[in-house]
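What follows is each chain in one-letter form.
Protein chains: 2
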Amino acid sequence: MLSKLRDAFTHYVSFTDEEWDLISQNIFIKSYKKNELLLTEGKICTYVAFLVGGIVRYYFVRNGKEITVQFFLENSFFSDYRSFIRREPSTFYIEALEDCTLLMISKDDIDKLYNYIPRFERFGRIMAENLYLSIADKTIRLMGESPEEKFSTLIHEQSELIRRVPQYMLSSYLGVTPEAYCRIKKRFLSTNNKKSVAAFA
Amino acid sequence: MLSKLRDAFTHYVSFTDEEWDLISQNIFIKSYKKNELLLTEGKICTYVAFLVGGIVRYYFVRNGKEITVQFFLENSFFSDYRSFIRREPSTFYIEALEDCTLLMISKDDIDKLYNYIPRFERFGRIMAENLYLSIADKTIRLMGESPEEKFSTLIHEQSELIRRVPQYMLSSYLGVTPEAYCRIKKRFLSTNNKKSVAAFA
Chain A
1 MLSKLRDAFT HYVSFTDEEW DLISQNIFIK SYKKNELLLT EGKICTYVAF LVGGIVRYYF
61 VRNGKEITVQ FFLENSFFSD YRSFIRREPS TFYIEALEDC TLLMISKDDI DKLYNYIPRF
121 ERFGRIMAEN LYLSIADKTI RLMGESPEEK FSTLIHEQSE LIRRVPQYML SSYLGVTPEA
181 YCRIKKRFLS TNNKKSVAAF A
Chain B
1 MLSKLRDAFT HYVSFTDEEW DLISQNIFIK SYKKNELLLT EGKICTYVAF LVGGIVRYYF
61 VRNGKEITVQ FFLENSFFSD YRSFIRREPS TFYIEALEDC TLLMISKDDI DKLYNYIPRF
121 ERFGRIMAEN LYLSIADKTI RLMGESPEEK FSTLIHEQSE LIRRVPQYML SSYLGVTPEA
181 YCRIKKRFLS TNNKKSVAAF A
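Keeping their order, the protein sequence lines are chains A and B.
Per our numbering, the first sequence starts with residue 1, numbered consecutively.
Per our numbering, the second sequence starts with residue 1, numbered consecutively.
Hints listed in this document are in silico derivations from the structure and should not be mistaken for laboratory results.
Hints should not be assumed to be uniformly reliable.
One copy or two, it doesn't matter: identical chains are merged, so the pair holds either way.
Stated by the list, open to error - Subject to a maximum C-alpha distance of 27 Å in a straight line, what follows is the list of computed DSSO-like cross-link-like pairs (lysine-lysine):
hint: 1; residue 1: K107; residue 2: K185
hint: 2; residue 1: K107; residue 2: K138
hint: 3; residue 1: K138; residue 2: K150
hint: 4; residue 1: K43; residue 2: K150
hint: 5; residue 1: K150; residue 2: K186
hint: 6; residue 1: K65; residue 2: K43
hint: 7; residue 1: K150; residue 2: K65
hint: 8; residue 1: K43; residue 2: K185
hint: 9; residue 1: K150; residue 2: K4
Here the structure is a predicted model, which means the values were calculated and not measured.
If we strip away everything but chain A, and leave its shape as in the complex, we get (with noise of 0.2 Å):
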């Protein structure tokens, strides 16, 4: 498992085996059961988690609505980010979807790292930079995409999401009504584009 998370972090910088030794020694394995709560609003987000397997959903609560913000599939990096480096109480929630597994490293200890380890600030500065681009697509979209280009957009790129998140979710998180959503699913389908249908196969 370890050797998983050790080649996500190769993709980004590598490291040589005394470094790792270091930063493996400060990795812990948490699981989570389907429907469980990983963070919930008002608590601070310690940590980085590696997601190993399955699919966490990351939203906010705004006048009793869940607003789905994001979605991490395995093999990616997660966390409250913004909680996270401010060190202040989330305003959100993450959801496991699936059963998940996770690696994880505490604030503290990547502290620990970036001083230790001037490699290690390589890392945070790509992950950094990769969690940017993941919310600066989102805000883009949001700004600028009708319903059905978000949709096109869920089709063409994420449609591994479509198979394995419960719709509403999805509604929620392309910001249309679930009804909006089923209306453009529906226009989508009898278009016949062979990608849209297979998506839903």
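Given chain A's structure and the hints, the job is docking chain B onto it.
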């Protein structure tokens, strides 16, 4: 002018005089007149800039309409960070809303500095984290706040923008029509909230 930049760097990481000498050799100054474009759609953003004076707007064009995403004020670092990290053509325009003076470093030089000065990597990480926080805060507001709440945030946290940015850009920034913006503003002023009134004084 460079001392202002050194202060800004030192806010994140302190460098020795030798390190700072090396960094400052890679910095160049550029000035832009009001309404001049610093970046246009289709061009790759190859720099990070520190805004010594002025204000810039970051927008994209969709169906012939300008959509304002962010503003950056003096003493802040900015870039089209998506284009910069991925080295891909930008989907944005960056416009000087006032006469602007910038201190800039190119991506190639930044990458060299990451290799020469390990502490510079820390600066890069913290800059990426801050740009993450800025766009993440924006996303959360977009997804969860009513137009009135967005307007309230503008007054209480970004009142400088009200003084220096044309109203039609602010309405686009909040994701409301200019008419809705006027209605909300009128309602706020009529409540006689001192801070609201002061923001428009």
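Cross-check of the supplied hints:
1. K107 with K185: Neither: 41 Å inside a chain and 42 Å across chains, both beyond 27 Å.
2. K107 with K138: both (25 Å within a copy, 24 Å between copies)
3. K138 with K150: The answer is both: 10 Å in one copy and 19 Å across copies each meet 27 Å.
4. K43 with K150: between (31 Å within a copy, 24 Å between copies)
5. K150 with K186: within (15 Å within a copy, 34 Å between copies)
6. K65 with K43: within (19 Å within a copy, 40 Å between copies)
7. K150 with K65: Answer is both: 21 Å inside a copy and 18 Å across each meet the 27 Å cutoff.
8. K43 with K185: Neither: 37 Å inside a copy, 35 Å across copies.
9. K150 with K4: neither (32 Å within a copy, 42 Å between copies)
Of the numbered hints stated above, those contradicted by the structure are hints 1, 8 and 9, listed in ascending order.
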